[in-house]
Every structure is written in C-alpha cells, then in structure tokens.
Amino acid sequence: MVKNIIPTNSRLLKKISKKLVKLLKKAEVDEDIIFDIYVSLEEALRNAMIHGNKLDIRKKIIVETKFEPDIIKISVEDEGGGFNPLKLSDPTLNENLLKENGRGIYLMKNLMDEVIFENAGRKVVMTKYLKVKHL
Amino acid sequence: MEISREEKSGISIFRMIGDININSAPNLKISFDAMAKPEGIKIILNLKNVDYVDSSGLATMVEILKSLRKCNGKLKLTNLSAKVRGLFEITKLTQLFDISDEEDEAVNSFERFEDS
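Quick mapping for you: the protein sequence lines, in order, are chains A and B. Counted from 1, the first sequence has number 70 at position 22 by the working numbering; the numbering is strictly sequential. Counted from 1, the second sequence has number 380 at position 69 by the working numbering; the numbering is strictly sequential.
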C-alpha cells in the first residue's frame, strides 16, 4: 500500500495521476485499462479538491494505492463535509444532459469495476481488475 | 493547453492541443467568451490533438453549447480520439453534440446546411 498526502492544489493532479500511469505502463497493464484508471483517479482527485475541500489549500487529500498483479485499489479521501452518494442524479437522463455537473462520479463508476464511498462520502475507494503480463 | 482560432468559410474553428481538464477548461471558456457571437454563429471545436477531456472539460463544452443556443448558434465537435469519444458516449453527450470525424466534413455540413 502506497500512501500520499497531498495539498489541495489542482496543479498537482496531473503529477499524481501521471505517476500512477508510469507504474502501470511499467507493469505492462493494458492501455485501455490504464486510461480508465487515469480518468477515474483524476475525477476522484478533482472531486476531492473542488467539492470536498472547496479548493481550500489548507486542507489535505489522502491518496492510497494498493497495486497487486491482477487488481488495483485506489482510495481518495478529502477533509470536506462529505455528501450522500445515494442522492446523486443520473447525468445521462435527458433532463440532466444540459447540466454542467454530475459526470465525474458517473465516469468513475463506469470505468472502474467497483466504486464505493466511505466516511460519509469523504472517501472514495475504486477497484479495477487488471490484465497484467508480468510485474 | 494551447488554443488557436481560425475563421474559415464564416465558421470559427477552435483547435486545441493538450488535455481539456480542471486547469485548462477555463481557458477554453475565456476564449469563447471573448469572441463576438452574432446571431447564427457557427463554431467547430477540433479535438484532434486532445488526448483527454475530464468532467470539467465536458461541462465547459456543455456551457458553450448552451450559450450558442441562445443566439441560434451551431456547434460541431470534430476529430475526437477513440478514448475521448468513449467519454462522450458513456456520458451520453453524443446525444447532445453534433460530432464529425473530420474538420472538413463539419465545415462542408455547415455549408450544405446553408445551401439547403
């Protein structure tokens, strides 16, 4: 398990996700799976920074990554007020298509194999099964 | 992200290089907001050199579409990579946006629309 504690700074988002991509490429994980993980991690970090920590630079984000031969588990936890994931609306419904928000978690749920929320919505845990040739 | 704009056959074509994300999406909105928007304005967003669009980028394009609808403007997206197109498909934004494979195809379809 690798644990990183990062400040709320959107400029660091790419650095964190690129670092994980590098690790996945080195392990020869399928390119499409890497893209799914990359998108999901960026969306989770974006949500933590914008909706969780409200871009408050004093607040931190904890990113934990557990990488095994056939599975990766990533958690992103913010210091915000949390939210009720059951109250999320479906952004793909006709009445929501023109709304600007709500697609981040929807993308994560579609691209990862499992997405669960803990700590009253402050923590998201995402799991993806991998097709790794060798570690 | 780099953004360039070209006027071609009465169409404003935005070409972007880099990801459209939380950091760069506001620049696209600023470029769009800065331009005059006459009635019936036609815009193409060419995403040929865009590897990735996050939900901020998708939201910005929805904002642009909504803004254009207010002045009877038209928007077409072109040259989406398979991965970026996949994100539009998952979010069903393919139902909202007019997407062409190539920029010329979008330009021609605007012209055909005018001729008809």
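Calculated from the structure, these hints are not laboratory results. Note that the structure is a prediction, hence the values are computed from the model and not measured. Each hint should be verified, as a subset may be incorrect.
Using 16 Å as the maximum straight-line C-alpha spacing, the simulated EDC-like pairs for lysine to aspartate or glutamate come out as follows [claimed, not checked]:
#1 B:K377 x A:E125
#2 B:K403 x A:D138
#3 A:K114 x A:E127
#4 A:K63 x B:D330
#5 B:K359 x B:E422
#6 B:K377 x A:D161
#7 A:K66 x B:D362
#8 A:K147 x B:E374
#9 B:K403 x A:D80
#10 B:K403 x A:E143
#11 A:K66 x B:E318
#12 A:K121 x A:E148
#13 A:K176 x A:E116
#14 B:K385 x B:E318
#15 A:K107 x A:E125
#16 B:K385 x B:E422
#17 B:K348 x B:D362
#18 B:K394 x A:D78
#19 A:K171 x A:E127
#20 A:K66 x A:D118
#21 B:K348 x B:E318
#22 A:K66 x A:E76
#23 B:K377 x B:E350
#24 B:K403 x B:D330
#25 B:K394 x A:E79
#26 B:K340 x B:E313
#27 A:K107 x A:E127
#28 B:K319 x B:E400
#29 A:K114 x A:D161
#30 A:K157 x B:E374
#31 A:K102 x A:D78
#32 B:K394 x A:D80
#33 A:K176 x A:D78
#34 A:K62 x B:D330
#35 A:K62 x B:D362
#36 A:K73 x A:E116
#37 B:K340 x A:E112
#38 B:K381 x B:E350
#39 A:K108 x A:D80
Now the hints, each set against the structure:
At roughly 33 Å between alpha-carbon atoms, K377 (chain B) and E125 (chain A) are farther apart than 16 Å, so this suggested pair is violated. About 11 Å separates the Cα atoms of K403 (chain B) and D138 (chain A), which keeps this hinted pair within 16 Å; it holds. Taking the CA atoms of K114 (chain A) and E127 (chain A), the gap is about 21 Å. The hint is violated against a cut of 16 Å. A hinted pair counts as satisfied when its Cα atoms are at most 16 Å apart, and K63 (chain A) with D330 (chain B) qualifies at roughly 14 Å.
Note on K359 (chain B) and E422 (chain B): the hinted pairing is violated, with a Cα-Cα distance of about 21 Å set against a maximum of 16 Å. Our distance criterion of 16 Å between C-alpha atoms is broken by K377 (chain B) and D161 (chain A), whose separation comes to about 33 Å. This hinted pair checks out: K66 (chain A) and D362 (chain B) have alpha carbons roughly 13 Å apart, not beyond 16 Å. Our distance criterion of 16 Å between C-alpha atoms is met by K147 (chain A) and E374 (chain B), whose separation comes to about 8 Å.
Distance check on the hinted pair: K403 (chain B) and D80 (chain A) sit about 20 Å apart at the alpha-carbon level, beyond 16 Å; violated. Proximity of K403 (chain B) to E143 (chain A) is assessed by CA-CA distance (about 12 Å); at most 16 Å being required, the pair is judged to hold. Distance restraint check for K66 (chain A) and E318 (chain B): the Cα-Cα separation of roughly 35 Å exceeds the 16 Å cut-off, and the hinted pair is therefore not satisfied. Straight-line distance between C-alpha atoms of K121 (chain A) and E148 (chain A) comes to about 29 Å, which puts the hinted pair past the 16 Å bound.
Between K176 (chain A) and E116 (chain A) the alpha-carbon distance is near 11 Å, which keeps this suggested pair within the 16 Å criterion. Note on K385 (chain B) and E318 (chain B): the hinted pairing holds, with a Cα-Cα distance of about 15 Å set against a maximum of 16 Å. A threshold of 16 Å between alpha carbons decides the hint, and for K107 (chain A) with E125 (chain A) the separation of about 11 Å falls inside it, so the pair holds. Of the pairs offered as hints, the one joining K385 (chain B) and E422 (chain B) holds, with about 12 Å between alpha carbons and a cut-off of 16 Å not exceeded.
Between K348 (chain B) and D362 (chain B), the direct Cα distance comes to roughly 28 Å. Violation of the 16 Å bound is thereby established for this hinted pair. Only pairs whose Cα atoms come within 16 Å are accepted, and K394 (chain B) paired with D78 (chain A) is accepted, the gap being roughly 14 Å. Simply put, K171 (chain A) and E127 (chain A) have alpha-carbon atoms about 9 Å apart, close enough for the 16 Å limit, and the pair holds. Proposed proximity of K66 (chain A) and D118 (chain A) is contradicted: the alpha carbons are some 20 Å apart, above 16 Å.
The hinted pair formed by K348 (chain B) and E318 (chain B) meets the criterion: a straight-line CA distance of about 13 Å does not exceed 16 Å. This hinted pair checks out: K66 (chain A) and E76 (chain A) have alpha carbons roughly 15 Å apart, not beyond 16 Å. At roughly 14 Å between alpha-carbon atoms, K377 (chain B) and E350 (chain B) fall within 16 Å of each other, so this suggested pair holds. Taking the CA atoms of K403 (chain B) and D330 (chain B), the gap is near 20 Å; set against the 16 Å cutoff, the hint is violated.
Straight-line distance between C-alpha atoms of K394 (chain B) and E79 (chain A) comes to about 11 Å, which keeps the hinted pair within the 16 Å bound. Distance check on the hinted pair: K340 (chain B) and E313 (chain B) sit about 13 Å apart at the alpha-carbon level, within 16 Å; holds. With a C-alpha separation of about 6 Å, the suggested pair K107 (chain A) and E127 (chain A) falls inside the 16 Å cut-off, and the hint holds. Taken as a hint, the K319 (chain B) and E400 (chain B) pair is broken in the structure, with Cα atoms around 29 Å apart against an allowance of 16 Å.
Taking the CA atoms of K114 (chain A) and D161 (chain A), the gap is about 15 Å. The hint holds against a cut of 16 Å. Pair hint K157 (chain A) plus E374 (chain B) does not hold up; C-alpha atoms about 24 Å apart against a cutoff of 16 Å. Between the alpha carbons of K102 (chain A) and D78 (chain A) the distance comes to roughly 34 Å, so the proposed pair goes past 16 Å and is violated. Between K394 (chain B) and D80 (chain A), the direct Cα distance comes to roughly 8 Å. Compliance with the 16 Å bound is thereby established for this hinted pair.
Among the hinted pairs, K176 (chain A) with D78 (chain A) is consistent with the structure: their alpha-carbon atoms are about 12 Å apart, no more than 16 Å. In summary, the hint linking K62 (chain A) to D330 (chain B) is supported, as the alpha carbons are separated by about 10 Å, within the 16 Å threshold. For the given pair, K62 (chain A) sits about 13 Å from D362 (chain B) by alpha-carbon distance, which is consistent with the 16 Å threshold. With a C-alpha separation of about 14 Å, the suggested pairing of K73 (chain A) with E116 (chain A) holds against the 16 Å cut-off.
In summary, the hint linking K340 (chain B) to E112 (chain A) is not supported, as the alpha carbons are separated by about 33 Å, beyond the 16 Å threshold. For the hint pairing K381 (chain B) with E350 (chain B), the CA-to-CA distance comes to about 9 Å; that is within 16 Å, so the pair holds. Among the hinted pairs, K108 (chain A) with D80 (chain A) is inconsistent with the structure: their alpha-carbon atoms are about 30 Å apart, more than 16 Å.
When held up to the earlier numbered hints, the structure conflicts with 1, 3, 5, 6, 9, 11, 12, 17, 20, 24, 28, 30, 31, 37 and 39 and fits the remainder.
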